[in-house]
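Chains A and B, in that order, are what the protein sequence lines are.
Read in order, the letters of the first sequence correspond to residues 1 to 293 in this note's numbering.
Read in order, the letters of the second sequence correspond to residues 1 to 325 in this note's numbering.
What the hints contain is simulated information worked out from the structure, not anything from laboratory work.
Be careful, since some hints might not be right.
Partial chain A-side listing against chain B, Cβ under 10 angstroms, derived [what the hints assert, rightly or not]:
hint: 1; residue: Gly38
hint: 2; residue: Asn41
hint: 3; residue: Met61
hint: 4; residue: Glu115
hint: 5; residue: Phe118
hint: 6; residue: Ala222
hint: 7; residue: Thr226
hint: 8; residue: Phe233
hint: 9; residue: Leu282
Cβ atoms here follow ideal geometry from the backbone N, Cα and C, with glycine treated the same way.
The chain contents come next:
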Amino acid sequence: MFELIGIPPQALFGQLLLGLINGAFYAMLSLGLAVIFGMLNVINFTHGAQYMMGAFAAWLMLGILDVPFWASLVLAPILVGLFGVVLERVMLKRIYHLDHLYGFLLTFGLALVIEGLFQWKWGSSGAPYPNPIPGGYNLGFMFMPTYRGFVVLAALVICLATWYGIERTKLGAYLRAATENPTLVRAFGINVPRLITLTYGLGVGLAALAGVLAAPIQQVSALMGTNLVLVVFAVVVIGGMGSIMGSIVTGFGLGLIEGLTKVFYPPASNTVIFVVMALVLLIKPAGLFGQTK
Amino acid sequence: MVGQMMTPSQGMIVAAAVAVLALAAPWFAYPVFLMTALCFALFACAFNLLLGYAGLMSFGHAMFFGMAGYFYGHVVKAWDMPPELGLLAGVGGAALLGLVTGALAIRRQGIYFAMITLAFAQMVYFFCIQAPFTHGEDGLQGIVRKPLLGGLIPTKDDRVLYYVVLAIFLFGYGAIYRFIHSPFGQVLKAIRDNEQRALSLGYEADRYKLLAFVLSAALAGLAGATKAMVLQFATLTDVSAAMSGEVVLMALVGGLGTIIGPVIGAFIIITMQNYLAATGEFVLVIQGVIFVVIVMAFRKGVVGEFSEWWKARRSGPRERPAAAD
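Full structure from sequences and hints, please.
In structure tokens:
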């Protein structure tokens, strides 16, 4: 086999695949954050906890009701999305008129409560979720586990579907209009508060969907989303929250950069995204795809 | 602020009572608990200087607090230098870290600022897990207490050290008071209230913001280094995102933008943690619940709500309904 600057191709492509998978999760989560921020003006700190809830919902449904993975892929996001809808109706909607800071603090507190309760009930060690499609393909230059390939494809489809829904459909047009000028959109007889609730439910559902997809790869544990959401914040700062496509590209791109760092200089793999963030702030403070302000 | 609601003589009585309480406290309460609480109180005040008076919410202040603890420990233990130099290294290191991260973070505003500081703090946290001098998960342990001022002040006795920590706290608190009431503090408030106006008046907002950020980082560093001196260890907990959240909670519970609020908030949270330590995860759950309750119902915090109630009481019953909302 050929070698690339002293790196065996197995390792290189293996890490690139891993990076692509991480990137898929960054993309799905930052997409949800961007959609929620656009409509609610709230940075949803609970995003990591809701991602974890998605994974837990799938794991619990499998354990208790024997619900297969493919059904969980639909049911878990709906359940967690409904939870998000309740959260929005009961709490978030009361603080929209306040500074962004309060939304951040409120959702941070909620994340502490949710993660603390899950940790108390199920511990923090984590539980395995059986791989729904075991096996894999030998691509010649690397071995590709089927499920991992499926995750990357599924994430791409989900991201593009979200982009299409928001940028190309009528409901998406209402949504974008309501982001720009809610009062005017209400004057046209569109129920904006309901639209906001739906948006939050959708964003939370996206996080939960990412959680279900992550369950067979990672351990299902109460704290699986805690550090992830912090990395996703950096992704959002790098990409800027103005553009849906921007979130997707940034998410996947940063995952790949992280994977490459793991090959060439492993100790920096945890911090490379933050270094990229610092560089972007130096060169283009509004973010790669962000509008100024 | 509490001082303005009372007549001067009432203010003197309160101040005297607080002074007596602070001096006599180690004979009634466990000194190490008091010292820890004072360190967190200074930390919360440093955070509040930035949020309350410059309008910048940092969600990554643990990086200054925790790193200063490591700097202190490394200088005192590995380099075997006197503790004064350790404290200095903690303050200086935190200020330098504040200069670098602050210069980048102030390039964005509002909620992005909070996210950027949070991300940098997470980067520092990952760095601390791997860097050899922090001893990773084990933490930097066994930083022996050495006498201060070349042997004049023995610090093995907790009660003696308490007065040292009290002095450090008062120094930090006094410094913050001076900043806020100086022309610099006035410019900061002007920028917080309307940045465009301050700019048009010729103030370079970014330089003022950066200076406030560095000062806040340095004082947070002083608190962190002092904590390492008291407890004789520095750990990953102090650089974690949870710690950044905790200091926000302390300032929020006490009252954002009040000078005494963060002190009261820190004492409330540290006391609560002390009593709930045995319940494990529930400390976090309860902290989360407090966040939610305060944001939903008591955004002014203990001091803010109290001073409102006090004003309403003094201004007579006719105006009382106005204070209800």
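Practice task
Hold the hint about A/Met61 up to the distance rule: shortest CB distance to chain B must be less than 10 angstroms.
Solution key: 24 angstroms, violated
Exercise for the section: Hold the hint about A/Phe118 up to the distance rule: shortest CB distance to chain B must be less than 10 angstroms. Expected result: At 9 angstroms from the nearest chain B Cβ, A/Phe118 passes the 10 angstroms test, so the hint holds.
Handout entry: Cut-off 10 angstroms, beta-carbon criterion: hint that A/Ala222 touches chain B
Key = Holds - the Cβ of A/Ala222 comes within 10 angstroms of chain B, reaching about 9 angstroms at its closest.
Problem - Proposed interface contact between A/Asn41 and chain B, which counts if any beta carbon pair is under 10 angstroms - result: 9 angstroms, holds
Exercise for the section: Would you check whether A/Leu282 satisfies its interface hint, that is, whether its CB is within less than 10 angstroms of any CB in chain B? Expected result: Since chain B brings a Cβ to about 7 angstroms from A/Leu282, closer than 10 angstroms, the hint holds.
Exercise for the section: Have a go at the A/Thr226 hint: is there a Cβ in chain B nearer than 10 angstroms to its own Cβ? Expected result: 8 angstroms, holds
Problem - Agreement of hint A/Gly38 with chain B interface, Cβ distance less than 10 angstroms - result: 13 angstroms, violated
Handout entry: Hint status (Cβ of A/Glu115 to nearest Cβ of chain B, threshold 10 angstroms)
Key = 7 angstroms, holds
Exercise for the section: Classify the hint on A/Phe233 as holds or violated, based on whether any CB of chain B lies nearer than 10 angstroms to its CB. Expected result: 5 angstroms, holds
Checked against the numbered hints above, the structure violates hints 1 and 3; every other hint is satisfied.
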